[in-house]
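These protein sequence lines map, in sequence, to chains E and U.
Note that our numbering has the first sequence beginning at 1, numbered continuously upward.
Note that our numbering has the second sequence beginning at 1, numbered continuously upward.
Rather than coming from a laboratory, the hints here were simulated on the basis of the structure.
Since we're looking at a predicted model, the values are computed, not measured.
Please note: incorrect hints may appear among the correct ones.
Here are the simulated lysine-lysine pairs, DSS-like style, with alpha carbons at most 27 Å apart [to be verified]:
1. E:Lys378 / U:Lys102
2. E:Lys42 / E:Lys248
3. U:Lys45 / E:Lys446
4. E:Lys369 / E:Lys306
5. U:Lys236 / E:Lys446
6. U:Lys161 / E:Lys42
7. E:Lys42 / E:Lys309
8. E:Lys78 / E:Lys248
9. U:Lys27 / U:Lys125
10. E:Lys378 / U:Lys109
11. E:Lys369 / U:Lys91
12. U:Lys35 / E:Lys455
13. E:Lys369 / U:Lys161
14. E:Lys455 / U:Lys45
15. E:Lys437 / U:Lys211
16. U:Lys27 / E:Lys455
17. U:Lys211 / E:Lys18
18. E:Lys275 / E:Lys248
19. E:Lys78 / E:Lys275
20. E:Lys446 / U:Lys27
21. E:Lys437 / U:Lys238
22. E:Lys36 / E:Lys161
23. E:Lys446 / U:Lys35
24. U:Lys240 / U:Lys27
25. E:Lys309 / E:Lys161
26. E:Lys103 / E:Lys275
27. E:Lys7 / E:Lys348
28. U:Lys240 / E:Lys437
29. U:Lys91 / E:Lys378
30. U:Lys238 / E:Lys18
31. U:Lys240 / E:Lys446
32. U:Lys238 / E:Lys446
33. E:Lys306 / E:Lys36
34. U:Lys91 / E:Lys385
35. U:Lys236 / E:Lys437
36. U:Lys161 / U:Lys109
37. U:Lys238 / U:Lys133
38. U:Lys236 / E:Lys18
39. U:Lys211 / E:Lys36
40. U:Lys91 / U:Lys122
Listed here are the chains, written in short residue letters.
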Amino acid sequence: MKQTETKDHAGLAEDFIKDEERVNWHDGALWYIREKRDIASKQIPEWEALREAASQIKNNVISNLHDYLLQFEANLTKNGVKVHWANNADEHNAIVYSILKAKGITEMVKSKSMLTEECHLNEYLEERGIGVINSDLGEYIQQLDNEPPSHIVLPCIHKRKEEIGELFHEHLGTEKGLSDPTLLTRVARKHLRNVFLTRRGALTGVNFAVAETGEYVVCTNEGNADMGAHLSEVQIASMGLEKIIPQKKHLSVFLRLLARSATGQPITIYSSHYKKPREGQEMHLILVDAGRTRQLGRTDFRNSLKCIKCGGCMNTCPVYRKSGGLSYHNTISGPIGAILAPNLDMKKHADLPYASTLCGSCSNVCPVKINIHEQLYKWRQVIVKEGYAANTKALGMKAMAWTLASPEKFSTAGKAGRWFLHNIPFVVNNKFNPWYKQREMPEGPKESFAEWYAKNEK
Amino acid sequence: MFVTGYIMTVGLFIPCYVNQFYPDAAKATLQLLQKLGVEVVYPAKQTCCGQPMANSGFAHLTSDCDALFIQNFAEFDYIVAPSASCVLHVKDHLHSAENEGKAEGIRGKIYELVEFLTDVLKIEKLDAVFPHKVGIHHSCHGLRGLYLSQMTELNAAPFSKPQQLLNMVSGLEQVSLDRPDECCGFGGTFCVAEEAVSVKMGKDRVTDHSKNGAEYITSSDLSCLMHLEGILHRNKSKVKVVHIAEILNATV
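The shape of chain U in the complex, shown without the other chains:
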């Protein structure tokens, strides 16, 4: 798989809330990368990318977060995270007064898991099995920030990296949605600051998936899934959420 014969070392960036609430997605990311022959290191002192503060208007308070991120991740060949949103934040906003060169390096070598698999490892097959009907929730930061898929607003050729990977999973059936790339309403602090709108947006996304027959909603962002899961659980829905890493790492 690696033309250079050089085994790359990947720094695994597990966003704060994934670490605390969704360790299974983090484990799946680690195991999947290991299965594909990548050496993975998880720097123990990592914390947060600073996005929650920055998106609330407090970007000027994130310099300590940025410095710590650089300290943890500057030395790796690549940095991979199972979260499009956090990756986009680092790509767009990681800076350093003292180490701008290192910050720039990180901005160029940080990847969300899906794009790392399709664009860096360029995998063409997977041994994964997931015999279920699955709806893809495109997170806005993955879609319109990292261009993981073509955006429906544009007059441009379609493509979808998550779909490309899910097509390699045995037994998995992808469901089509009425609104394939509408925002779920999580939006960081928006989810509590604009609670009513956030929940209404989430409810409508969930309905789109369930009425089109999805058993699972998957995404490359757990923040969206955490919000959708909260709504599904409250409404005692049978539809479940699952991070795409867990599907791609699933065997039986």
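Just chain E, same shape as in the assembly:
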């Protein structure tokens, strides 16, 4: 992948913001989706009750995960689906490889699955001689550009149509300068159609796995999961442990929330239920832990596992909109990524909980009511206690300046004034002061309120 990880979020965001026109357009596109989500959610009087129901169903799931997983496994087996368990990314990738190898399959089509991105499955298989084509249009574009998705629902939202035209010219032989989205989509469709017809193996993600019936549901707008799965000899589904819901009836809650929260649509165009293999077809399902049970053990953070990956928190997050998904240097970006990532690698992702103003908009749009901004605050405490604050370069000295504000230094108003002038990061008027780079200092008044009060009110 192209992306290097030498910079932290603040540094990568600064690079992204240099092209202000792109930021304005990126911000506007995502805000437009947030507005569509607002309109859709306000057309349903019971919206807030639906969120509460979803939250409670998911609370039940993460509190009884063991039982639901065993029930799901038993029903999958009864339906003729082969079940695999993977502790981590490597085990997951090895299972996929062994399934394909046993059938002599050297090319696979894959619909959108953030889990397989997280596991770096494509690279793993390609190193072993198996070609993978991502069939979701946005992911297909990202794959052509050798770049990870920047958004979980809109993988190439950071790219202009002209840039996509350029990629298609280079990789698919379209006319130079062609940037009409409809024409470009037609070209991609033609290429993908051929992929669907020729690939014997297909992998999909899982949006919801129903413990009661052993079926799983995949939601797409393009029908690409279906195209791959229906024409395959071997169908594989990869899912994180947390994707379980207890009963089929609960889908009525989640399917209403998912697309409205994601894009403002009433429902995804395709909500496909997969239950049994066709005659002559093999179906496999891989249940992947990859850090999820560790997160389950963290009292303050376990309910992050309720996430249904709608991307709503990204669309509403002003930091995300201005900094772009790739600045989070993690498969899952945005506010939800910032509370999931430290669990995977606290040192590497120590900067992410700080990539937020704690404005709280994310928690308000979350369809399963994850207290995202409170968890960001709590991760900061954990990161400091575990000694990783030094990894957040951006925090470093500046935060320490604040921290040194011991009460003794404030003991009199006069001292406080002097302390402020020497220690508050944005008071020092020089080019090394990040406040002053693009902002004037507050104008210092002649006297503080405390001084005025002592003279006038006592």
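Got chain E sorted already, so can you dock chain U onto it with the hints?
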């Protein structure tokens, strides 16, 4: 105004940076409360609520700040501050190993100025005059922490306490914004740690106000206003910032 006939005593909490940089907002808060018949005391030994440390991940270092806060404010009927953010921090995070009862008491009786006026004093009219076009900047901590207004993300009945008060001010015209409750990007240490994002967020908020005709941007949080003012001044904009206490206390 006071049904009990009892004159309450309010402890005035003036956050550290307001004390140093925005004494006029603090004076306006004091004078406004006095005008409304409240006895106000400003404890001279107050410092900081500890939020800058806590939000940076150093909450474990705030116990001295907390103890001092309790010492300064435990005895008042109410504690009022012209800063939603600091009030929210105290409400959510003030604790004490020795005096948890007092800490709990403070958490329950500390109010941001706007909500104190609408919810405790329940004022229905003001003698204020401010003949200008004003855009409200809802600070996130005031909005989503203290619920000073309804949040646009929710499917719930609208209300706005700052708007309710500004409606009582003669001559004031409120401007509507394209994004009525988007964060300005101050975010405490975020404003320097994530300088580029912070400034871009602030610039976009300022543009929303200016293109919709605001002469003033007001808020119940000076931290947001300090950030927006820094951007306005750098860009030599004519738009000014003013704390809501100064508007509510303005006469001519």
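Here's how the hints hold up against the structure:
Straight-line distance between C-alpha atoms of Lys378 of chain E and Lys102 of chain U comes to about 24 Å, which keeps the hinted pair within the 27 Å bound. For the hint linking Lys42 of chain E to Lys248 of chain E, the alpha-carbon distance of about 26 Å falls within 27 Å, and the restraint holds. With a C-alpha separation of about 20 Å, the suggested pairing of Lys45 of chain U with Lys446 of chain E holds against the 27 Å cut-off. Of the pairs offered as hints, the one joining Lys369 of chain E and Lys306 of chain E holds, with about 8 Å between alpha carbons and a cut-off of 27 Å not exceeded.
For the proposed pair Lys236 of chain U and Lys446 of chain E, the alpha carbon gap of about 23 Å is at most 27 Å, so the pair holds. Between the alpha carbons of Lys161 of chain U and Lys42 of chain E the distance comes to roughly 22 Å, so the proposed pair stays at or under 27 Å and holds. A threshold of 27 Å between alpha carbons decides the hint, and for Lys42 of chain E with Lys309 of chain E the separation of about 21 Å falls inside it, so the pair holds. Proximity of Lys78 of chain E to Lys248 of chain E is assessed by CA-CA distance (about 17 Å); at most 27 Å being required, the pair is judged to hold.
This hinted pair checks out: Lys27 of chain U and Lys125 of chain U have alpha carbons roughly 20 Å apart, not beyond 27 Å. Taking the CA atoms of Lys378 of chain E and Lys109 of chain U, the gap is about 25 Å. The hint holds against a cut of 27 Å. For the hint linking Lys369 of chain E to Lys91 of chain U, the alpha-carbon distance of about 22 Å falls within 27 Å, and the restraint holds. For the given pair, Lys35 of chain U sits about 20 Å from Lys455 of chain E by alpha-carbon distance, which is consistent with the 27 Å threshold.
This hinted pair checks out: Lys369 of chain E and Lys161 of chain U have alpha carbons roughly 25 Å apart, not beyond 27 Å. Our distance criterion of 27 Å between C-alpha atoms is met by Lys455 of chain E and Lys45 of chain U, whose separation comes to about 15 Å. Annotation: proposed proximity of Lys437 of chain E to Lys211 of chain U holds, straight-line Cα distance about 24 Å (limit 27 Å). Only pairs whose Cα atoms come within 27 Å are accepted, and Lys27 of chain U paired with Lys455 of chain E is accepted, the gap being roughly 13 Å.
Restraint check: the Cα-Cα separation between Lys211 of chain U and Lys18 of chain E comes to about 23 Å, which is no more than 27 Å; the hinted pair holds. With a C-alpha separation of about 12 Å, the suggested pairing of Lys275 of chain E with Lys248 of chain E holds against the 27 Å cut-off. A distance of roughly 10 Å separates the Cα atoms of Lys78 of chain E and Lys275 of chain E; the hinted pair therefore holds under the 27 Å criterion. Taking the CA atoms of Lys446 of chain E and Lys27 of chain U, the gap is near 14 Å; set against the 27 Å cutoff, the hint holds.
Of the supplied pair hints, the one linking Lys437 of chain E and Lys238 of chain U holds, its CA atoms being roughly 20 Å apart against a limit of 27 Å. With a CA separation close to 21 Å, the supplied pair Lys36 of chain E and Lys161 of chain E stays within the 27 Å bound. A distance of roughly 25 Å separates the Cα atoms of Lys446 of chain E and Lys35 of chain U; the hinted pair therefore holds under the 27 Å criterion. Restraint check for Lys240 of chain U and Lys27 of chain U: the C-alpha separation of about 19 Å stays at or below 27 Å, so the hint holds.
A threshold of 27 Å between alpha carbons decides the hint, and for Lys309 of chain E with Lys161 of chain E the separation of about 25 Å falls inside it, so the pair holds. The suggested pairing of Lys103 of chain E with Lys275 of chain E holds, with an alpha-carbon distance near 21 Å, which does not exceed 27 Å. Proposed proximity of Lys7 of chain E and Lys348 of chain E is supported: the alpha carbons are some 11 Å apart, at most 27 Å. At roughly 20 Å between alpha-carbon atoms, Lys240 of chain U and Lys437 of chain E fall within 27 Å of each other, so this suggested pair holds.
Annotation: proposed proximity of Lys91 of chain U to Lys378 of chain E holds, straight-line Cα distance about 16 Å (limit 27 Å). About 26 Å separates the Cα atoms of Lys238 of chain U and Lys18 of chain E, which keeps this hinted pair within 27 Å; it holds. With a CA separation close to 20 Å, the supplied pair Lys240 of chain U and Lys446 of chain E stays within the 27 Å bound. Restraint check: the Cα-Cα separation between Lys238 of chain U and Lys446 of chain E comes to about 23 Å, which is no more than 27 Å; the hinted pair holds.
For the suggested pair Lys306 of chain E and Lys36 of chain E, the alpha carbons sit about 23 Å apart, so the restraint of at most 27 Å is met. Of the pairs offered as hints, the one joining Lys91 of chain U and Lys385 of chain E holds, with about 23 Å between alpha carbons and a cut-off of 27 Å not exceeded. A C-alpha spacing of about 15 Å is found between Lys236 of chain U and Lys437 of chain E, which places the hinted pair at or below 27 Å, so the restraint holds. The straight-line distance between the Cα atoms of Lys161 of chain U and Lys109 of chain U is roughly 18 Å, inside the 27 Å bound, and the hint therefore holds.
The hinted pair formed by Lys238 of chain U and Lys133 of chain U meets the criterion: a straight-line CA distance of about 13 Å does not exceed 27 Å. For the proposed pair Lys236 of chain U and Lys18 of chain E, the alpha carbon gap of about 22 Å is at most 27 Å, so the pair holds. For the hint linking Lys211 of chain U to Lys36 of chain E, the alpha-carbon distance of about 23 Å falls within 27 Å, and the restraint holds. Distance check on the hinted pair: Lys91 of chain U and Lys122 of chain U sit about 21 Å apart at the alpha-carbon level, within 27 Å; holds.
Violated hints for the displayed structure: none, as all numbered hints are satisfied.
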